[in-house]
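Trainee: Sequence:
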Amino acid sequence: MTRSKPADGTRSKRQRDAATKGRDELAAVLCQRRAASVTKRLVFAYGLLVLVLVGFPLLYTRAEDNGLIPPAPQLLSASSVGVTLTNMLLVSSSVVFIGAHVSASRASHRQWVLEQLRQRTGKHDGDSVSAALADLERDVIGRGDALRFPLLASLGLLGLFLAIRYLPPRLVQLLLGAYVAMAALVSLTSTLSPLLDMIETRLRRSRARSLGLLLSQRLSLFSDTLAFHGRDLVSMTVAAPLLYAYRGANGLSAAVLNNVFAASLGVAGIDLLAIGDFQTAVVLLLGLFFYDIFWVFGSESIFGDNVMVSVARGIDGPFKFVFYRPRTRLGATRETSMLGLGDLVIPGLFVALMFRFDNRRAPSCGLATATPYFWTSYLAYALGMVATFLAMAVFHVAQPALLYLVPLCLAAPLTRAWFAGELRSLWHYREPDLDSKQASVSRSN
Numbered sequence: 001m002t003r004s005k006p007a008d009g010t011r012s013k014r015q016r017d018a019a020t021k022g023r024d025e026l027a028a029v030l031c032q033r034r035a036a037s038v039t040k041r042l043v044f045a046y047g048l049l050v051l052v053l054v055g056f057p058l059l060y061t062r063a064e065d066n067g068l069i070p071p072a073p074q075l076l077s078a079s080s081v082g083v084t085l086t087n088m089l090l091v092s093s094s095v096v097f098i099g100a101h102v103s104a105s106r107a108s109h110r111q112w113v114l115e116q117l118r119q120r121t122g123k124h125d126g127d128s129v130s131a132a133l134a135d136l137e138r139d140v141i142g143r144g145d146a147l148r149f150p151l152l153a154s155l156g157l158l159g160l161f162l163a164i165r166y167l168p169p170r171l172v173q174l175l176l177g178a179y180v181a182m183a184a185l186v187s188l189t190s191t192l193s194p195l196l197d198m199i200e201t202r203l204r205r206s207r208a209r210s211l212g213l214l215l216s217q218r219l220s221l222f223s224d225t226l227a228f229h230g231r232d233l234v235s236m237t238v239a240a241p242l243l244y245a246y247r248g249a250n251g252l253s254a255a256v257l258n259n260v261f262a263a264s265l266g267v268a269g270i271d272l273l274a275i276g277d278f279q280t281a282v283v284l285l286l287g288l289f290f291y292d293i294f295w296v297f298g299s300e301s302i303f304g305d306n307v308m309v310s311v312a313r314g315i316d317g318p319f320k321f322v323f324y325r326p327r328t329r330l331g332a333t334r335e336t337s338m339l340g341l342g343d344l345v346i347p348g349l350f351v352a353l354m355f356r357f358d359n360r361r362a363p364s365c366g367l368a369t370a371t372p373y374f375w376t377s378y379l380a381y382a383l384g385m386v387a388t389f390l391a392m393a394v395f396h397v398a399q400p401a402l403l404y405l406v407p408l409c410l411a412a413p414l415t416r417a418w419f420a421g422e423l424r425s426l427w428h429y430r431e432p433d434l435d436s437k438q439a440s441v442s443r444s445n
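Going letter by letter, the sequence shown gives residues 1 to 445 in UniProt numbering.
Wrong hints could be hidden among the right ones.
Unchecked claim - Ranges between beta-carbon positions, derived for each pair: (1) Ser-425 / Ala-391: 32 to 40 Å; (2) Phe-303 / Val-394: 23 to 31 Å; (3) Gly-144 / Glu-422: 23 to 31 Å; (4) Arg-170 / Ser-425: 50 to 58 Å; (5) Val-54 / Ala-370: 31 to 39 Å; (6) Leu-233 / Ser-301: 45 to 53 Å; (7) Glu-422 / Val-43: 26 to 34 Å; (8) Leu-175 / Val-43: 34 to 42 Å.
Hints were generated in silico from the structure; no laboratory data involved.
Given the structure is predicted, the values throughout are model-derived calculations rather than measurements.
Ideal Cβ positions, reconstructed from N, Cα and C, are used throughout, including at glycine.
Produce the entire structure from the sequences given, and follow the hints as far as they go.
Mentor: This is the structure in structure tokens:
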């Protein structure tokens, strides 16, 4: 009798170990499926973005020049509004979609790395964590940053306006040229990296495993602070010729390349920045809501000109999207519509936060199967873009996009949380893997 107890205890321990192993294997399979689903979404979104950035404007203008598409007799005709709205909506929604997914993937990978380190060492060793997460860090927007952001953005916008008004245009473009070139090159390289990550994973599972390892190889130049991967070199070889072509382009080709770099800046901004909690997101969006309204509608009475529009028109660079409208008659000059980069990045940060809020339900791998808050806020963003463009087309004046985007983007997930009984969870949501950064930012403020 006394000998059977250890045997029973050993058997029960083996059963528990087998059950634990089975759960871990099942969780790993589910995580792989969720990651594969996210990868498919990203591949589709990247393809759609390339199509609407490059293929759509080139094919449409070529067909219009050849007489295959008749000119729109008025700028407010159904064809003119429909073409421009479709192009603008597809570009903006694709950038936000890609940025939110890349941001969520970065957060889930970070969570997975931390979990692996915890299982191996039993605790978070500072040096090992810093080395493992070197490529997964993001700048976290804290409460103080959210409060200061509208003021700092206003000072920057006013400074650009005064520079355009009182400095020679050539000098302004020269001063901004180097910054634009570096930002465009780095952002496009960063945007292409997730796509190369997918290719790298496929290669490492195929016969071309050595090529996949080469893409993932971490290289250092002079020190670890200048470290990069093989895929970054590949991305740079693609981005550099595009940047060279952009600097010498004009007309439609300049607009297309401008939008390519603007899209890459938008994706990189959503990916590399993060709002750590929902309340900070509310403060940031409401502050920029009033900022956008003032500088579009209220600045002309004070400064004698619309500051926001003057800066957008006075600076050439991928800080805005440029969309060509259909011609009103054969041979006429095409009118353009502009969309500021901030109208994508700011709501995109909120949509990415909602995606990560959905993923809190999947602590094992950080990727949830159901993402209702992401889709709710994402569709609200698309609806806000439609409202912005229609208001611009009807009233014939520039519109502050955040006037329409902020109320819709905030109201949609809050309403969803109210009906789902998760309003308290949403309001107090705080990302656990960003707590340490958020706390340090708050202390510094």
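Trainee: Take the hints in turn and mark each one as holding or not.
Mentor: Taking the hints in turn, this is what the structure says about them:
1. As the Cβ distance of Ser-425 to Ala-391 is approximately 34 Å, the hint placing it in 32 to 40 Å holds.
2. Here the CB-CB span from Phe-303 to Val-394 is close to 26 Å, well matched to the stated 23 to 31 Å.
3. Range check, Gly-144 to Glu-422: about 27 Å between beta-carbon atoms, so the 23 to 31 Å window is met.
4. The hinted window of 50 to 58 Å between Arg-170 and Ser-425 holds, with their beta carbons roughly 55 Å apart.
5. Taken as a hint, the range 31 to 39 Å holds for the pair Val-54 and Ala-370, whose Cβ atoms sit roughly 34 Å apart.
6. A C-beta distance of roughly 51 Å is found between Leu-233 and Ser-301, which places it inside the suggested range of 45 to 53 Å.
7. Restraint check, Glu-422 to Val-43: a C-beta distance of roughly 31 Å satisfies the suggested window 26 to 34 Å.
8. As the Cβ distance of Leu-175 to Val-43 is approximately 39 Å, the hint placing it in 34 to 42 Å holds.
Of the numbered hints listed earlier, not one is contradicted by the structure.
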